[in-house]
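J.: Listed below, chain by chain, are the residues.
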Amino acid sequence: MSAQKTERLINLTLALLATKKYLTKAEIFTTVAGYTGTPETMERMFERDKDELRELGIEIEVGGLDPLFEDDLGYLIRSETFQLDVNQFENEELLYLTMSVNLWHNSALQANSKAALLKIQSLSGPIESDAVNLPVISDAENSKTLSTAFDSVEKRYALNFQYKGSERKVQPYGLYLQDGFWYLVAKEKEDIKSFKMQRIEGKLSKIGKEFAFIKPAEFDLAIFLAKSRLEKKEVAVLRVRKNQGHALRSKYSVIEIDDEWDQMEIEFGFDQEIIQTILWYGPNVLVEKPEKLRLEIKSRLQVLANG
Amino acid sequence: MVETAAIRALRSMDLIPFVLENPGVSIAELAEKFSVTQEQIKSDLQLVFMCGLPGYTPYDLIDVAFEDGIVSVIDPQVLNRPRNFSSNEIVVIALGLKMLIDINQMNPTATAKLKKLSEKVAKLGGSNSILMAGDVSQVPFFEIISKAISQQRVLNLQYHSLIKDQVTNRLVLPEKLYFLNGSLYLLAMDINIDSDRVFKVELIKECEIGAPANVKKSVAAPVETTVILDIQRENQSFIERNSSIITAMEERGKSTRVHLQVSNLEWIMRAVLSNAPGITVISPESLVIEIKETAGDLLALY
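Sequence lines, in order, name chains A and B. Residues in the first sequence are numbered from 63 upward in steps of one, following our numbering. Residues in the second sequence are numbered from 125 upward in steps of one, following our numbering.
Just so you know, not all the hints are guaranteed correct.
Derived BS3-like pairs (lysine-lysine); straight-line CA-CA distance at most 25 Å [unchecked claim]:
1. Lys176(A) <-> Lys157(B)
2. Lys206(A) <-> Lys222(B)
3. Lys258(A) <-> Lys231(A)
4. Lys176(A) <-> Lys300(B)
5. Lys176(A) <-> Lys240(B)
Label pairs and their calculated CB-CB ranges [said to hold, decoys possible]:
6. Glu417(B) <-> Lys231(A): 47 to 55 Å
7. Glu327(A) <-> Asn293(B): 26 to 34 Å
8. Gln334(A) <-> Asn204(B): 52 to 60 Å
9. Ala372(B) <-> Ser209(A): 21 to 29 Å
10. Pro147(B) <-> Glu272(A): 35 to 43 Å
11. Glu250(A) <-> Asn252(B): 15 to 23 Å
12. Ile198(B) <-> Glu121(A): 23 to 31 Å
13. Asn252(B) <-> Gly119(A): 14 to 22 Å
14. Glu250(A) <-> Glu330(B): 42 to 50 Å
15. Gly249(B) <-> Leu357(A): 52 to 60 Å
16. Ser200(A) <-> Leu286(B): 16 to 24 Å
17. Asp199(B) <-> Glu280(A): 45 to 53 Å
18. Arg311(A) <-> Val160(B): 54 to 62 Å
19. Val297(A) <-> Val160(B): 58 to 66 Å
Just so you know, these hints were derived from the structure itself, not from any lab. We treat Cβ as the ideally placed atom computed from N, Cα and C, and that holds for glycine.
Let's have the full structure, built from the sequences with the hints guiding it.
T.: Following this line, the structure appears as structure tokens:
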């Protein structure tokens, strides 16, 4: 890494940012500090500089002064694509922005959180309020894996990883956060599936080049998620002991059966979920219907009781 | 990772609007904020000091002053504003705002402002491929709790404990609010028992702010027991949800053996029952017996 090159990149960015009209290569070579050597050398330098800046997300716009002559092509960076607008956010909004990024400062997304905070503080100056430091998200995600996934969704890299004991090759379509866990939505063979990020074993590897597959235009992550939540609802009839099961009582109403018990009806989607809830309360919540839940709970308890 | 000239160029440029808005910032603070060494910050500043607009007379150069470890910008040239947020940064902001909207549902003024801000942020780009599924529970007492933490005041809580399945009144000194597994928790010192406790915020039924705290932070750590469990693959989410208290873990074919530090054995009892038969208690022996008996008693009720 050379300081001259860094200096030249800064000067180039500043010149392209300050200009109101497209700057031709010839103008760049004569006015921007750092371009020296033969015309071919300068040409190569410029092409590389431009590519490297673009790779880091800087939009260098190309415009023709005369469309017939490529020599007359010019370049500029529009301020609105490069910089935030100072008046974009009110002071209170800057406070909320600070809170929203600070949420992540201990999480696997802390690098993004830190980078965003720098920019917010470049608009707001120092914020002297403890309130912006709470709450925080605590997670056990692997930040490297998560950042590879973010990058692959954005740049459409195919991915390769070990999951539930087998090797997977997928096309990532999206990511979502649910109950504090990240999930990757990806196409594996012909199916679109969710993979829990923490269950990815070992390394998450990109395969091949960026933009390696086409994500169907009709795929919409929000709709995909809404669909997977539409599950069949069944009703369980429970017996809840008096003065017990407070969390359930605050969500569902009861009918009195006798001095000891009340009856409660709960809608549920998955057997596993409702069984876990019922068993949590031990002898204070029993299931009456449906029969399949009674049988399942009894057989599970049998295993525990037999040790 | 080797730093490229382009990455260094961007960081050097990012320094300018930051210092402009935070005049008198120290080299040490810049190093911390930008995650590089102080030497690197100095050399970055020296570098941008040499840069500027074509013409390159002193008048066209970026003008930075740093003396005695304190930095200020005299002339930023075109670098008077920070760079735009990257798409990943927008994701972090957008998801954060969504969570703030959810927890502030009881406060219509704050919610309206947050929603307006979310729309502004969405216009900056962002992604419809990275989302939050479902909502975070609303937290009616969010403002009161935040206030109590920042002003170091005590809180009177009416708390419904899921573990004991009862509602109790607690006097606490709140320390920290955090999200874990999608729920908001409050870490606070329970003044009457002189020990730290964790409260699930959605189970707080009533909450009143009290006097400034006049209590010393307890130094006594809560009494913890080491519990050893074997967990079947199907019950893996128990491990994922409790990773913060797991001290050791060992794969054993179809199951995983974990060591946990637990301050409340009643919680473990309920968790084992609830995950039956996917979790087997290995130690302590008293818990093994208790689980067996409880399961037997419960079975008798069916």
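J.: The structure should be examined with respect to each hint, and the outcome stated for every one.
T.: Now the hints, each set against the structure:
1. Lys176(A) <-> Lys157(B): Given that 25 Å is the threshold and the Cα spacing comes to 8 Å, the pair holds.
2. Lys206(A) <-> Lys222(B): Answer holds: Lys206(A) to Lys222(B) is near 24 Å, not above 25 Å.
3. Lys258(A) <-> Lys231(A): Holds, because 15 Å separates the two Cα atoms, which is no more than 25 Å.
4. Lys176(A) <-> Lys300(B): holds, 20 Å
5. Lys176(A) <-> Lys240(B): holds, 24 Å
6. Glu417(B) <-> Lys231(A): 47 to 55 Å: holds, 50 Å
7. Glu327(A) <-> Asn293(B): 26 to 34 Å: Between Glu327(A) and Asn293(B), where Cβ atoms are some 31 Å apart, the hint holds.
8. Gln334(A) <-> Asn204(B): 52 to 60 Å: holds, 57 Å
9. Ala372(B) <-> Ser209(A): 21 to 29 Å: holds, 28 Å
10. Pro147(B) <-> Glu272(A): 35 to 43 Å: Distance hint for Pro147(B), Glu272(A) holds at roughly 41 Å.
11. Glu250(A) <-> Asn252(B): 15 to 23 Å: holds, 21 Å
12. Ile198(B) <-> Glu121(A): 23 to 31 Å: holds, 29 Å
13. Asn252(B) <-> Gly119(A): 14 to 22 Å: With a Cβ separation near 19 Å, Asn252(B) and Gly119(A) satisfy 14 to 22 Å, so the hint holds.
14. Glu250(A) <-> Glu330(B): 42 to 50 Å: At roughly 49 Å between Cβ atoms, Glu330(B) and Glu250(A) fall inside 42 to 50 Å, so the hint holds.
15. Gly249(B) <-> Leu357(A): 52 to 60 Å: The hint (52 to 60 Å, Cβ to Cβ) holds, given that Gly249(B) and Leu357(A) are roughly 53 Å apart.
16. Ser200(A) <-> Leu286(B): 16 to 24 Å: holds, 19 Å
17. Asp199(B) <-> Glu280(A): 45 to 53 Å: Once the Cβ atoms are compared, 52 Å apart, the range 45 to 53 Å for Glu280(A) and Asp199(B) holds.
18. Arg311(A) <-> Val160(B): 54 to 62 Å: holds, 55 Å
19. Val297(A) <-> Val160(B): 58 to 66 Å: This hint holds: roughly 60 Å between Cβ atoms.
Of the numbered hints given earlier, the model fails none.
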